Amino acid sequence: GAVVSQHPSWVICKSGTSVKIECRSLDFQATTMFWYRQFPKQSLMLMATSNEGSKATYEQGVEKDKFLINHASLTLSTLTVTSAHPEDSSFYICSANYGPYRVQPQHFGDGTRLSIL
Amino acid sequence: SQQGEEDPQALSIQEGENATMNCSYKTSINNLQWYRQNSGRGLVHLILIRSNEREKHSGRLRVTLDTSKKSSSLLITASRAADTASYFCATDLNTGFQKLVFGTGTRLLVSP
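Chains A and B, in that order, are what the protein sequence lines are.
Per the numbering used here, the very first residue in the first sequence carries number 1; after that it's consecutive.
Per the numbering used here, the very first residue in the second sequence carries number 118; after that it's consecutive.
Next up, chain A with everything else stripped away, as it sits in the complex (with noise of 0.2 Å):
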């Protein structure tokens, strides 16, 4: 149980474009999921945590209006990259739990490997 599937795993696209990452939660509602970003040979960072029906808490240093996270249902949470650029190139993992206030692991995503060029 507990499966979080992360779409698309590989993209490619041009520098200025927009790209949209999706990630579900195949078999339970996520009231919260979590944004990371991982930068190769290193650790995860949280970029924000995204609650269901409102507004995504971003970390110190995070643009809002570059990441733009929204989390529609208890089943989705989607990451949009704003006109990227080369430098937003990097690995994006998801993972959700059942929300706030329970000790439990997270699930995470396959992540998504983002080339701008």
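No wet-lab data here; the hints were simulated from the structure.
Don't take every hint at face value.
Here are the simulated distance ranges between beta carbons [what the hints assert, rightly or not]:
1. Val103/A / Lys186/B: 37 to 43 Å
2. Pro86/A / Thr221/B: 23 to 29 Å
3. Asn139/B / Val103/A: 20 to 26 Å
4. Ser168/B / Ser83/A: 39 to 45 Å
Pulled from the structure, derived: some chain B residues nowhere near chain A, Cβ distances all over 12 Å [what the hints assert, rightly or not]:
5. Leu128
6. Lys143
7. Ser168
8. Thr221
9. Val227
Computed from a predicted model, the values in this text were never measured in an experiment.
Glycine included, each C-beta is placed from N, C-alpha and C at the ideal position.
Got chain A; can you put chain B on it based on the hints?
Frame of chain A, contents of chain B only:
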């Protein structure tokens, strides 16, 4: 930065040997979790240990937690080539939403 430190950064062993990874963190925690990441993939949860627990086992995995020293260790016994991956500790800072702060990770290579 709140990020935890892990050591070693990289570990290379032979199949059948044990692998030990250490994690240190900076602030008080609600729980600490260990995750595994195969190259280019997402993370898989291994073990969660609560702040009032000292040791936990799951199959070939053994996790210890010392909150006085703000440290944890992950032991993989009788390692296999399939255990080759990066291993991350992550601390839940008890913010209510289970926001995790990940350590720097240990890259484990198990040779046949």
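Evaluated hints:
The supplied range of 37 to 43 Å is broken by Val103/A and Lys186/B, whose beta-carbon atoms lie about 22 Å from each other. Taking the beta carbon of each, Pro86/A and Thr221/B are about 25 Å apart, inside 23 to 29 Å as hinted. Remark: the range hint 20 to 26 Å for Asn139/B to Val103/A is upheld by a beta-carbon distance near 23 Å. Hint check: Ser168/B to Ser83/A, Cβ distance near 43 Å, so the stated range 39 to 45 Å holds.
No Cβ of chain A comes within 12 Å of the Cβ of Leu128/B; the nearest lies about 14 Å off, and the non-interface call holds. Taking the minimum C-beta to C-beta distance to chain A, about 14 Å, the non-interface status of Lys143/B holds against the 12 Å cut. A cut-off of 12 Å between C-beta atoms contradicts the statement that Ser168/B is not in contact with chain A; the least separation is 10 Å. The claim that Thr221/B is not at the interface with chain A is violated, since a C-beta of that chain comes within 12 Å of its own (minimum 5 Å).
With a minimum CB-CB distance of about 18 Å to chain A, Val227/B clears the 12 Å threshold, and the non-interface call stands.
The structure is inconsistent with the numbered hints 1, 7 and 8, although it conforms to all the rest.
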